[in-house]
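Number of protein chains: 2
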Amino acid sequence: MENLWELIEQVQSALKRRQFQELKTLTAEMNPVDIAEIMVELRPEELLLFFRLLPKEAAAEAFANVDGDVQVELIKGFTDAELRSVMDELFVDDAVDMIEEMPANVVRRILKYTPADVRQTINELLAYPKDSAGSVMTVEYVDLKPDMTVRQAFAHIRKTGVDKETIYTCYVVDSNRKLIGLVSVKDLLFADYEDKISDIMETNVVRLDTLEDKEIVAQTFSHYNFIALPVVDKEDRLVGIVTFDDAMDVIEEETTEDFEKMAAIVASDTDTPYLRTAVTSFFKQRIVWLMLLMVSSTFTSLIISGFESSLSACIILTAFIPMLMGTGGNAGSQASVTIIRCLSLGEVEFKDLFKVIWKELRISTLCGLALGIVNFGKMLLVDHWLMNNPEVTPIVAMIVSLSIVLTVVVAKLVGGMLPILADRLGIDPAVMASPFITTIVDVLSLLIYFGFASVALGI
Amino acid sequence: MENLWELIEQVQSALKRRQFQELKTLTAEMNPVDIAEIMVELRPEELLLFFRLLPKEAAAEAFANVDGDVQVELIKGFTDAELRSVMDELFVDDAVDMIEEMPANVVRRILKYTPADVRQTINELLAYPKDSAGSVMTVEYVDLKPDMTVRQAFAHIRKTGVDKETIYTCYVVDSNRKLIGLVSVKDLLFADYEDKISDIMETNVVRLDTLEDKEIVAQTFSHYNFIALPVVDKEDRLVGIVTFDDAMDVIEEETTEDFEKMAAIVASDTDTPYLRTAVTSFFKQRIVWLMLLMVSSTFTSLIISGFESSLSACIILTAFIPMLMGTGGNAGSQASVTIIRCLSLGEVEFKDLFKVIWKELRISTLCGLALGIVNFGKMLLVDHWLMNNPEVTPIVAMIVSLSIVLTVVVAKLVGGMLPILADRLGIDPAVMASPFITTIVDVLSLLIYFGFASVALGI
Numbered sequence: 308m309e310n311l312w313e314l315i316e317q318v319q320s321a322l323k324r325r326q327f328q329e330l331k332t333l334t335a336e337m338n339p340v341d342i343a344e345i346m347v348e349l350r351p352e353e354l355l356l357f358f359r360l361l362p363k364e365a366a367a368e369a370f371a372n373v374d375g376d377v378q379v380e381l382i383k384g385f386t387d388a389e390l391r392s393v394m395d396e397l398f399v400d401d402a403v404d405m406i407e408e409m410p411a412n413v414v415r416r417i418l419k420y421t422p423a424d425v426r427q428t429i430n431e432l433l434a435y436p437k438d439s440a441g442s443v444m445t446v447e448y449v450d451l452k453p454d455m456t457v458r459q460a461f462a463h464i465r466k467t468g469v470d471k472e473t474i475y476t477c478y479v480v481d482s483n484r485k486l487i488g489l490v491s492v493k494d495l496l497f498a499d500y501e502d503k504i505s506d507i508m509e510t511n512v513v514r515l516d517t518l519e520d521k522e523i524v525a526q527t528f529s530h531y532n533f534i535a536l537p538v539v540d541k542e543d544r545l546v547g548i549v550t551f552d553d554a555m556d557v558i559e560e561e562t563t564e565d566f567e568k569m570a571a572i573v574a575s576d577t578d579t580p581y582l583r584t585a586v587t588s589f590f591k592q593r594i595v596w597l598m599l600l601m602v603s604s605t606f607t608s609l610i611i612s613g614f615e616s617s618l619s620a621c622i623i624l625t626a627f628i629p630m631l632m633g634t635g636g637n638a639g640s641q642a643s644v645t646i647i648r649c650l651s652l653g654e655v656e657f658k659d660l661f662k663v664i665w666k667e668l669r670i671s672t673l674c675g676l677a678l679g680i681v682n683f684g685k686m687l688l689v690d691h692w693l694m695n696n697p698e699v700t701p702i703v704a705m706i707v708s709l710s711i712v713l714t715v716v717v718a719k720l721v722g723g724m725l726p727i728l729a730d731r732l733g734i735d736p737a738v739m740a741s742p743f744i745t746t747i748v749d750v751l752s753l754l755i756y757f758g759f760a761s762v763a764l765g766i
Numbered sequence: 308m309e310n311l312w313e314l315i316e317q318v319q320s321a322l323k324r325r326q327f328q329e330l331k332t333l334t335a336e337m338n339p340v341d342i343a344e345i346m347v348e349l350r351p352e353e354l355l356l357f358f359r360l361l362p363k364e365a366a367a368e369a370f371a372n373v374d375g376d377v378q379v380e381l382i383k384g385f386t387d388a389e390l391r392s393v394m395d396e397l398f399v400d401d402a403v404d405m406i407e408e409m410p411a412n413v414v415r416r417i418l419k420y421t422p423a424d425v426r427q428t429i430n431e432l433l434a435y436p437k438d439s440a441g442s443v444m445t446v447e448y449v450d451l452k453p454d455m456t457v458r459q460a461f462a463h464i465r466k467t468g469v470d471k472e473t474i475y476t477c478y479v480v481d482s483n484r485k486l487i488g489l490v491s492v493k494d495l496l497f498a499d500y501e502d503k504i505s506d507i508m509e510t511n512v513v514r515l516d517t518l519e520d521k522e523i524v525a526q527t528f529s530h531y532n533f534i535a536l537p538v539v540d541k542e543d544r545l546v547g548i549v550t551f552d553d554a555m556d557v558i559e560e561e562t563t564e565d566f567e568k569m570a571a572i573v574a575s576d577t578d579t580p581y582l583r584t585a586v587t588s589f590f591k592q593r594i595v596w597l598m599l600l601m602v603s604s605t606f607t608s609l610i611i612s613g614f615e616s617s618l619s620a621c622i623i624l625t626a627f628i629p630m631l632m633g634t635g636g637n638a639g640s641q642a643s644v645t646i647i648r649c650l651s652l653g654e655v656e657f658k659d660l661f662k663v664i665w666k667e668l669r670i671s672t673l674c675g676l677a678l679g680i681v682n683f684g685k686m687l688l689v690d691h692w693l694m695n696n697p698e699v700t701p702i703v704a705m706i707v708s709l710s711i712v713l714t715v716v717v718a719k720l721v722g723g724m725l726p727i728l729a730d731r732l733g734i735d736p737a738v739m740a741s742p743f744i745t746t747i748v749d750v751l752s753l754l755i756y757f758g759f760a761s762v763a764l765g766i
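Each protein sequence line maps, in turn, to chains A and B. If you count by the working numbering, then the first sequence holds residues 308 to 766, one letter each, in order. If you count by the working numbering, then the second sequence holds residues 308 to 766, one letter each, in order.
Some, not all, of what chain B presents toward chain A, calculated at C-beta under 8 Å:
| no. | residue |
| --- | --- |
| 1 | 338 |
| 2 | 474 |
| 3 | 510 |
| 4 | 581 |
| 5 | 582 |
| 6 | 594 |
| 7 | 600 |
| 8 | 604 |
| 9 | 607 |
| 10 | 615 |
| 11 | 622 |
| 12 | 628 |
| 13 | 629 |
| 14 | 655 |
| 15 | 659 |
| 16 | 662 |
In short, the hints are calculated from the structure, not lab data. Backbone N, C-alpha and C define an ideal beta-carbon position, used for all residues, glycine too.
Throw the hints in and build the complete structure from the sequences for me.
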């Protein structure tokens with residue numbers, strides 16, 4: 308990364324001095340992903356000039372790798388011929404990704420300079436539902452016929468493979484384009500030239516449906532570790548492939564989304580980096596849940612108001628409310644985060660509900676007892692004896708400690724159960740996480756606390 | 308997944324009826340990853356029998372894919388010949404992964420039946436620091452010499468490639484084994500048979516150092532989308548490769564770890580699934596932070612005790628403490644989770660600290676004002692007027708609302724800054740997240756609240 312800033316300075320200095328040959332040498336061997344990193348940092352007036360000096364193929368790949376706003380900037384500056392050439396070189400799935408984020412007037416210009424057949428494919432891909440396998444797949448794959456020989460397959464790959472996203476997994480389709488097998492280039496390399504494809508192909512092919520959610524797509528990849536997965540329509544005809552790099556992007560997106568949901572942020576739709584996202588869009592993402600949670604904590608206020616007279620009789624009890632609610636919240640989110648992660652990795656399902664309850668019951672009893680005992684000792688030793696606070700009587704310490712034990716148990720049970728129930732009801736379990744569960748646990752912990760206090764103090 | 312349970316029943320029934328031919332047909336075309344899924348669910352007495360009926364190669368791959376405890380169970384039942392045969396088929400990096408988790412007596416038996424050269428490699432790999440590139444790499448790669456022709460390269464791949472983890476990226480080394488280039492099988496397929504490797508190889512090779520942290524390894528993969536990355540020692544000699552599937556495993560582990568840290572769970576060392584992990588190990592993972600956070604909330608108790616006389620003068624103020632602290636905590640963790648995610652994706656660095664502060668300052672002012680205004684209205688309309696609570700005066704509503712505004716601003720600044728500072732100091736920013744920041748924000752929000760109350764009520 309340090310290196311990157313040096314490179315950017317080098318590029319900017321060469322652009323200023325108009326040392327174009329120097330720039331060409333500098334970028335000739337560079338990875339397009341790194342070129343994209345540089346482009347993002349260049350000033351608008353430098354960007355187009357720099358882009359025009361790039362080798363043609365690297366230019367298209369770098370173009371596919373920069374953010375939407377940089378792409379728009381470039382397209383605005385492109386001549387028609389340049390736009391046509393870039394659209395020619397782009398992989399169709401990258402073109403679709405790009406078009407999905409562009410303003411309509413830019414999209415019209417892009418489609419105008421896209422070859423007719425590619426335009427048709429783009430439109431087909433755009434028709435798949437958002438977040439479906441169809442929307443992330445590409446149509447640039449190698450297909451083979453079962454009656455080809457290995458020699459013919461190699462010839463076919465050489466003839467058609469240059470522009471394919473991957474050639475390493477080739478799919479075998481019958482005359483109706485039904486997917487009937489796959490052959491890896493490794494299989495081909497180790498086979499005899501005269502072997503028939505139908506004899507060496509694997510017929511047990513893991514496949515995705517076009518409408519499959521992209522989260523399932525990502526899970527299938529990390530489960531099987533394939534380089535590519537075929538996508539088929541309802542009639543089992545091969546319509547596209549998803550490659551592992553697209554799956555890695557999906558995993559990254561989904562993870563970010565999960566983190567955001569668990570932090571009570573409305574998931575963002577674009578993948579603009581933090582520093583380039585507008586303050587207002589962060590505001591919109593964050594205020595929704597903040598507002599909701601603030602209003603829902605009206606319940607806690609009501610409960611405390613309801614016990615106001617009891618509290619004024621033993622005001623020291625208020626001092627331990629935050630600790631109790633905090634401990635409950637932490638205990639609950641430990642359970643919920645663990646279970647949410649298990650659900651998304653497929654380790655836990657609805658049928659495991661009672662196993663989870665039983666496990667969390669035992670964990671929480673251990674945790675609760677340990678915390679309760681330590682708290683009892685601490686309140687007597689530190690608050691009562693060391694700090695000499697006469698209000699912290701053994702009875703008060705007992706009320707607080709028992710409340711901790713029960714709160715931790717309740718919190719962990721709620722945290723363990725709610726995500727599973729949510730998942731079963733088709734609600735995203737991550738939304739159930741920390742903030743939402745915390746609100747429920749807050750209410751329950753106060754009721755437990757005041758319950759114990761009422762009984763023990765007779766107030 | 309539904310399908311899996313049917314398969315398991317089919318397998319168990321066939322085992323019971325001793326229909327071994329049926330089992331062989333059933334598993335012949337099955338993916339080893341799926342076979343592993345079945346094995347995990349089998350009873351101990353079924354497991355070994357089932358394993359022995361598998362085709363040899365699939366057996367080794369399935370063996371590499373089951374959890375450590377199932378592996379131990381199998382190894383205990385293996386004859387010496389079976390153990391030797393499995394160790395023969397295993398990829399070295401899978402063997403190392405396995406050995407790292409085994410009890411010492413099992414490791415001794417494994418190493419005894421491992422071929423001498425493999426044993427040496429295993430020991431070398433075990434010597435790399437935990438979580439380094441060296442510890443996740445494999446030594447099974449294809450290397451080429453620069454003066455080979457494409458024809459010779461193909462011959463070399465055919466001769467040595469069967470047992471390699473990937474043949475699709477071949478690395479070119481000079482006579483001192485220094486890494487000087489790479490050639491993909493795609494390049495080879497599209498080149499002329501008589502071309503020299505040195506003429507077609509790419510010389511700008513992204514490489515990893517053996518000591519590089521595996522998090523960086525994963526980041527490099529998702530950045531460049533390579534199938535494999537070469538690992539070099541200090542003298543730039545090629546010593547191994549990491550393949551994308553290992554990188555995906557690392558990403559999964561790191562993500563789980565981040566989730567755990569943010570939920571105040573001590574990250575687990577093993578990857579045993581939830582339902583098979585012992586209650587006591589969950590207890591150990593969770594109690595540490597729960598205890599720490601409980602004890603640290605002594606500060607909030609002390610602050611509240613300190614303001615006890617003021618509180619008893621205006622007891623209604625206690626009713627809004629949980630709401631205030633909750634809102635502060637949520638606002639803070641929104642910022643911290645966003646920034647932690649940006650740090651781990653490399654979108655934000657230390658030099659961006661002031662940009663982050665400026666951005667969070669604006670976001671939090673907007674959020675704070677919106678929340679404060681709504682709260683002021685709600686307290687007057689609902690609490691004061693609708694519920695007819697005479698204690699909720701406009702002054703009280705003003706104190707609470709102003710505290711919300713300031714608490715949200717402070718919380719978001721703390722949440723945005725702390726992870727960046729932690730990262731700079733070499734502390735894991737995820738540890739800084741929700742629970743830790745919440746504790747700081749709790750203390751600050753109480754001080755703000757009581758500060759406003761003292762000034763406005765003169766108590």
